[in-house]
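Engineer: Quick mapping for you: the protein sequence lines, in order, are chains A and B. Per the working numbering, residue -3 is the first one in the first sequence, and the count goes up by one each step. Per the working numbering, residue 48 is the first one in the second sequence, and the count goes up by one each step.
Treat the hints as calculated values from the structure; they're not laboratory data. For clarity, every value in this text was computed on a predicted model and none was experimentally measured. Cβ coordinates follow ideal geometry from the N, Cα and C atoms, glycine included. Hints may contain errors.
Claimed, not checked - Examples of chain B residues lying across from chain A (beta carbon under 10 Å, computed): (1) Q70; (2) E127; (3) A131; (4) R133; (5) A168; (6) D170.
Single-letter residue listing:
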Amino acid sequence: MEERVVRIRHPFGLHARPAADFYRKTREFRSRITIRNMSRRSSVELPVSLLNLLQLGAAQGHEVLIRAEGEDEREAVTALAALLDQLAIEE
Amino acid sequence: MVGILIVAHSEQLASGVKELAAQATHSQVPIVAVGGAIDGSLGISAEAIRDGLRRVASNDGVLVLVDLTSAALSVEAVLEDEPAMRVVISNAPLVEGAYFAAVEASVGATLEETAAAALRARDLIKVHPEHRLHTR
């Protein structure tokens, strides 16, 4: 199991295109990937889906926990954390 | 790749939904927007639907998203003359459905998977409970 906490730096948070980009990236891996918004007390750990990503309420400055379990868990978490940083730079 | 046809009573509405779905998928999915009557007023044009279906059709099929019921009826009528086309008309809300469907299609989903993704958009809760508190 591999996990990492990443701060959302994108000005719009994890919504619309950033959420779509994140979801599309998760589909490149075989591991079971979950996400949780650490900055919302009501947030629970959820399997990554487009619906769950949009409902995370992950705004700029929030910290999200990305967790992967499976054969490519390390690559998945590394790539997803890097993607979140990259999305912020692109804006 | 599954294609997406947006059918709305307004050309601007259809184009705007297409713009949103295309941006979320970096324009990787074939999306055609059809809106308004032939004379440019609000309405539905069977001819424009037929043309749109032909432009977006492939062996992978087409998912059609509509704004209101009469748009769906018009698409159904057109499809009676196009029995060979693989088409699903979605009951999903237009904006969310197009976004969900486009993202799913962009990762190589089948027509059935794309249609299921669009329907899941009906469950989307857009206003977070913690946000709702601010209206008090």
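Engineer: Hint by hint, say whether it matches the structure.
Structural biologist: Structure-based check of all given hints:
The beta carbon of Q70 (chain B) comes within 6 Å of a beta carbon in chain A, closer than 10 Å, and the hint placing it at the interface holds. Taking 10 Å as the C-beta contact cut-off toward chain A, the hint placing E127 (chain B) at the interface is violated, the least distance being around 33 Å. Hint on A131 (chain B) is violated. Least Cβ distance to chain A is approximately 31 Å, over the 10 Å limit. The restraint placing R133 (chain B) at the interface with chain A is violated, with a minimum CB-CB distance near 23 Å, outside the 10 Å limit.
Residue-level restraint check for A168 (chain B) holds (minimum Cβ-Cβ distance to chain A is 8 Å; threshold 10 Å). Proximity of D170 (chain B) to chain A holds as hinted, the smallest CB-CB distance being about 6 Å (cut-off 10 Å).
In this structure, the hints that do not hold are numbers 2, 3 and 4, in rising order.
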